[in-house]
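Based on the hints, put chain B in the right spot on chain A.
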Amino acid sequence: MNVIGAVFNLNNPAHVVHWHFFQMSVSNIIVIVAMLAVFALAILLPFPGAARRQAAREGRAER
Amino acid sequence: MSVAATPGKRSWTVRTREAAVGALPPEKLLPDGQPTYVDSWIYVFGVATLAALIVIVGSGMILGLKGPAWWHDTGVGHFFNSIHLWAVELFFFTMVVHLWGKYWMAAWRGGRARVWMTGAVTFLVAIPTALTGYVSQQNFDAQWISTQAKDAMNSIGAGAFFNVTNFGQMYSWHVLLFPVAVVALVAGHVLLVRRHGVVPPFELAERAPAAPAGSASPPGPASGAPPPAGPPSEAPPSGGAQPGRQGEPS
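Residue numbers (the working numbering), protein chains in the order written: chain A, 1 to 63; chain B, 1001 to 1250.
Treat the hints as calculated values from the structure; they're not laboratory data.
Label-pair ranges, simulated between beta-carbon atoms: (1) Arg-1017(B) x Pro-13(A): 53 to 63 Å; (2) Ala-37(A) x Ser-1155(B): 30 to 40 Å; (3) Phe-22(A) x Arg-1017(B): 47 to 57 Å; (4) Asn-1139(B) x Ser-25(A): 18 to 28 Å; (5) Ala-61(A) x Lys-1009(B): 52 to 62 Å; (6) Met-1117(B) x Val-7(A): 38 to 48 Å; (7) Ser-1082(B) x Asn-28(A): 14 to 24 Å.
Ideal placement from N, C-alpha and C gives every residue a C-beta, glycine not left out.
The following block holds chain A by itself, in its conformation from the complex (with noise of 0.2 Å):
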């Protein structure tokens, strides 16, 4: 049977952040502030073709 491994080597323990009472994996915190770039991001860029659409209803409103 075939078994393709993982790139890199997973067998370790994960790094851990401890803050005083704040205690995280560094992953987990690597997936918030993705997260939380995910939401600014889709808060911030615009949506395919909307410069097109808002060009039409504002040439639908001028008539």
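For chain B alone, coordinates are given in the frame of chain A:
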């Protein structure tokens, strides 16, 4: 052969049908278009959560059919096990981003309190759904999680009833009881969104506060839909609030 209805007496099926169609007419259940303000990436995370849930349920069904030996000892089984896990990770990722978006846009406005409530309860129920899955892996990781979680359950007094080291109980909760609850809550949540419409942004609601439901029109026609001849079929800025209600209360 149809049975003639008793005059003056409506059967429960008629009453149920009328209540269901009254609450959710077909054009609201499956609308022609959507409000223009939905034209934003933040509105994608709800349906992304739904898509992840469908993958979770589908892959979970296959894992349940084949059992723990399959998902540990075969390549395909391991693959479906991984699909199930990563779908769960994406489910929570997208659900929490969806939650953040809905919180900051105060999506409970305009009579949408139950939409918020069903969403919040779904989140709370999804957590033990995942926990029961983590303790059902049939590996040392699951054993560790269950022995740690047992301390937590005992500390809140639930340990006698909810025994996280009892694989049979945890697997049953995970495969049947919790998914039924999550799917029922999600279905209710989505139907309520269909009923009340997507909440309009604050700016739009402030611009048309006194517009009666159904007559106020969105800034432009719905994306991809032709301009409505009469009252828009898609949710108006008042958010398709219950008939008779004014527009958005700020």
